[in-house]
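The task is simple: from the sequences and hints, build the whole structure.
Line order of the protein sequences matches chains A and B.
Anchor point for the first sequence: position 67 equals 66 in numbering that gives the first Met the number 0, and the numbering is continuous, going up by one each time.
Anchor point for the second sequence: position 36 equals 35 in numbering that gives the first Met the number 0, and the numbering is continuous, going up by one each time.
It cannot be assumed that every hint is accurate.
Note that identical chains are pooled: a pair holds if it fits in a single copy or bridges any two copies.
Stated by the list, open to error - Simulated crosslink set (DSS-like; lysine-lysine; CA at most 27 Å straight-line):
| no. | residue 1 | residue 2 |
| --- | --- | --- |
| 1 | K50 | K143 |
| 2 | K104 | K361 |
| 3 | K229 | K72 |
| 4 | K341 | K315 |
| 5 | K178 | K238 |
| 6 | K104 | K72 |
| 7 | K262 | K178 |
| 8 | K240 | K72 |
| 9 | K104 | K392 |
| 10 | K72 | K226 |
| 11 | K72 | K96 |
| 12 | K233 | K72 |
| 13 | K178 | K72 |
| 14 | K226 | K238 |
| 15 | K361 | K156 |
| 16 | K72 | K238 |
Don't read these hints as lab results, they were simulated from the structure.
Number of protein chains: 2
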Amino acid sequence: MRVEIISIGDELLIGQVVNTNAAWMGRELTQRGFNVVGVTTVGDNSDAIMKAIDLSFQRADVVLLTGGVGPTKDDITKQTLCRYFRTNLEFNDDVLKNIESIFSKRNIQLNLLTRNQAYVPKNSTVIQNRVGTAPILCFNQGGKVLISMPGVPFEMKTSMREEVIPLLQAQFLPEYYLKCSYLVCGITESALATRLATFEEQLPLGFSLAYLPAYGYIRLRLSAWGKSRKLEMKNMDIKLKQLLGNELVADNDQSLEALLGEKLRTLNLSISTAESCTGGYLAHRITSIAGASSYFKGSIVSYDNQVKEELLHVDKQTIENVGAVSQEVVEQMAEQVAFTLKTNCSIAVSGFMGPDGGTLEKPVGTVWICTRFNNKKIAAVHRVGSSREENIKRTANMAILQLLRMLGR
Amino acid sequence: MRVEIISIGDELLIGQVVNTNAAWMGRELTQRGFNVVGVTTVGDNSDAIMKAIDLSFQRADVVLLTGGVGPTKDDITKQTLCRYFRTNLEFNDDVLKNIESIFSKRNIQLNLLTRNQAYVPKNSTVIQNRVGTAPILCFNQGGKVLISMPGVPFEMKTSMREEVIPLLQAQFLPEYYLKCSYLVCGITESALATRLATFEEQLPLGFSLAYLPAYGYIRLRLSAWGKSRKLEMKNMDIKLKQLLGNELVADNDQSLEALLGEKLRTLNLSISTAESCTGGYLAHRITSIAGASSYFKGSIVSYDNQVKEELLHVDKQTIENVGAVSQEVVEQMAEQVAFTLKTNCSIAVSGFMGPDGGTLEKPVGTVWICTRFNNKKIAAVHRVGSSREENIKRTANMAILQLLRMLGR
Chain A
0 MRVEIISIGD ELLIGQVVNT NAAWMGRELT QRGFNVVGVT TVGDNSDAIM
50 KAIDLSFQRA DVVLLTGGVG PTKDDITKQT LCRYFRTNLE FNDDVLKNIE
100 SIFSKRNIQL NLLTRNQAYV PKNSTVIQNR VGTAPILCFN QGGKVLISMP
150 GVPFEMKTSM REEVIPLLQA QFLPEYYLKC SYLVCGITES ALATRLATFE
200 EQLPLGFSLA YLPAYGYIRL RLSAWGKSRK LEMKNMDIKL KQLLGNELVA
250 DNDQSLEALL GEKLRTLNLS ISTAESCTGG YLAHRITSIA GASSYFKGSI
300 VSYDNQVKEE LLHVDKQTIE NVGAVSQEVV EQMAEQVAFT LKTNCSIAVS
350 GFMGPDGGTL EKPVGTVWIC TRFNNKKIAA VHRVGSSREE NIKRTANMAI
400 LQLLRMLGR
Chain B
0 MRVEIISIGD ELLIGQVVNT NAAWMGRELT QRGFNVVGVT TVGDNSDAIM
50 KAIDLSFQRA DVVLLTGGVG PTKDDITKQT LCRYFRTNLE FNDDVLKNIE
100 SIFSKRNIQL NLLTRNQAYV PKNSTVIQNR VGTAPILCFN QGGKVLISMP
150 GVPFEMKTSM REEVIPLLQA QFLPEYYLKC SYLVCGITES ALATRLATFE
200 EQLPLGFSLA YLPAYGYIRL RLSAWGKSRK LEMKNMDIKL KQLLGNELVA
250 DNDQSLEALL GEKLRTLNLS ISTAESCTGG YLAHRITSIA GASSYFKGSI
300 VSYDNQVKEE LLHVDKQTIE NVGAVSQEVV EQMAEQVAFT LKTNCSIAVS
350 GFMGPDGGTL EKPVGTVWIC TRFNNKKIAA VHRVGSSREE NIKRTANMAI
400 LQLLRMLGR
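Shown next, in the form of structure tokens:
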């Protein structure tokens, strides 16, 4: 069952908005055995949308459209769908009722533009949008299906989960997607590939191994289609894990922060962070996990050295002697935050994230990370790049990995 | 000058990775007058890549490929380019030298897989990758250009900035892209569209107005192609600003945190945050701006109530009486963090981000925000949705907007 996604919107082409919708849809669909074969992004342009639909129908059984269904003039998806399926708009009372109920909940007065959202193409089946005013539209064409959804992420996600995916599951028989994921750390991509060369050559037909290098680690994905290949997959999985050895950090697809959360929960540990250069990002990553409050107590973001001294009691003299980006300072920060916030574990980071700052000996990209667990601590220095955004992410990854490895597998 | 982007990688289709590359490229290219007309994402599949190239060449003058050029077996872009341009690989000594210099800098031993990256298609022109081992490959076909780059964001960005964009600027004459951006707050999309209806109808031919609703605000984009339309654009811009009135927060495309940073710098103010439910995300947003250290002092992330009491001196009795998600608590938090960190401004947030938690009167999605500026403070309650990730982002947006409006235009 092949699916194509068409993302509509000039804002995606000019890069004002990142296409997170397509990634989310790809993840949800693949997990359920739908094979996403392509994503096409086009602007708010009727001809471009028509052409994209045509091509997608050639390659796939299901075409999922998002975007271009708002009440404003620049949104032309509905008109284009009428053009493509040679039909006209007609007023739909159920859609109007839905819009009215949403507006009354939000305490907003209905205006003409919003009321116009109740016009839908004649030969479409309507799914009510429970969290927004633009209806979800379904079209059938020779056994193939096209579904148009809003581009607003929350509305798209709600429709996908509650309506679109169940509908697709009922109409098509999804294939069985087998996937094993691995998180590997402490080895380069090419060294890893060399180690796995024979394994890869001996992979059964239809199995594939993909390498996904990220900041500070590599993800591997072993995959195949078809339920009948379950036993083979199991054997390959065992072999691969043996080959990965000590470099294997996790045998699943969870984020670093989810792995850390699971580990802390299992070991019944609590954590706090003391952050200089990551400026709260590390705490954000940890608290992005639902239920993090059971192990995360808090963070002291000491961007300013005075805050390091007053709230984290870092020795003023130490900062003057060796600088805030130093082993001594991150060790004191990690120790003090664990003490103040009463946690078993802590992470402290201090570095120059750029683009400005740094010194001759410690250029932009120098970062010290200290992780603490009970009374043991590990401090390490790293050299990241020159892009601020990437440096912050990379530093957070390395910090979480350092603590994960300290806590053991 | 029309550009198409082809993003290659199974990880993009299955949603393991979000396609941030295409957005970045779209932004950089549009700013320089290149018209990005489409983005196609395909898997690591030779036939799919061939077809995508074919279609892109039909629609555009320049085709930019990213991904699939690593040293591992799953990367097949180079072989596919040979197939497409009917050529073979040949060894390139300059590429080998580049790889060797990169490996020696990183203190890693060269292995066969990495050495193989020095094989390039015979009829391609090679651009050295200064920050990675995969070469950038350029092909010419009947006045049209295809350039293949690595998918690693940092490598792609470096090549784009330093080599690819200058090359395109020299070979093609970019058009002139005129754009005005507006950030609007405190009005629904349809109410705004109603207010702007006449303005939109009277827009000169070739001008377009786009609406981009985001969490807590709307962005508007007025655009046109061609230097000759500069004066018209100026007039439209003046008219539009008048119509936006008090709802206009900014007349540019800057992020909320960049706007806040600029404002704080201009007014010579400092800021701190006290965060419960956003868990450091607000501090992260503020510190994502280079040079934030000149106004941001730090944050106390008090996820645990005990941390609220001990570090932020929130009254224990208040928490017991009215709960941590309350006006009283966020006011105390905002006051105390400004006092402890010695800042003129502060933001405090406390809420239930979900999916679990909340009470009958205060369900998941309830969030209190207090902003403080000198001795004035504003506290407001909001109701966000049920998705944790979106709630955190929305809360941060509303908090920054609240302070921005408090500081005045």
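At most 27 Å between alpha carbons: which applies to K72 and K226, within, between, both or neither?
Cα proximity of K72 and K226: across copies only (25 Å, versus 48 Å in one copy).
Intra/inter-copy verdict for K104 and K72 if alpha-carbon distance must be at most 27 Å
For K104 and K72, only the intra-copy Cα distance (25 Å) is at most 27 Å; the inter-copy one is 54 Å.
State whether the alpha carbon distance between K50 and K143 is at most 27 Å within one copy, between copies, both, or neither.
Answer is both; intra-copy 17 Å and inter-copy 22 Å each pass.
Alpha-carbon proximity between K240 and K72, which holds within one copy, between copies, both or neither at 27 Å
between (55 Å within a copy, 19 Å between copies)
Intra/inter-copy verdict for K229 and K72 if alpha-carbon distance must be at most 27 Å:
Close across copies (23 Å), not inside one copy (51 Å); limit 27 Å.
Please sort K72 with K96 into within, between, both or neither, judging by C-alpha distance up to 27 Å.
within (23 Å within a copy, 55 Å between copies)
Since the copies are identical, ignore which copy is meant and state whether K341 and K315 lie within 27 Å (CA to CA) inside a copy, between copies, both or neither.
Classified as both: same-chain Cα gap 23 Å, cross-chain 18 Å, threshold 27 Å.
Classify it for me, K361 with K156: is the Cα-Cα distance of at most 27 Å met within a copy, between copies, both or neither?
So K361 and K156 pass the 27 Å test across copies only (24 Å; inside, 45 Å).
Could you figure out if K233 and K72 sit no more than 27 Å apart (CA to CA) within one copy, between two copies, both or neither?
between (54 Å within a copy, 22 Å between copies)
Homomeric proximity label, K104 with K392: Cα distance no greater than 27 Å
Between. Shortest inter-copy distance 22 Å satisfies the 27 Å Cα cut-off; intra-copy 39 Å does not.
Same-copy or cross-copy closeness of K72 to K238 [CA-CA at most 27 Å]
Between copies only: 18 Å across, 57 Å inside.
For K178 and K72, with the copy left unspecified, which applies at a CA distance of at most 27 Å: within, between, both, or neither?
Between copies only: 18 Å across, 43 Å inside.
Every hint, counting from the list given before, is met by this structure.
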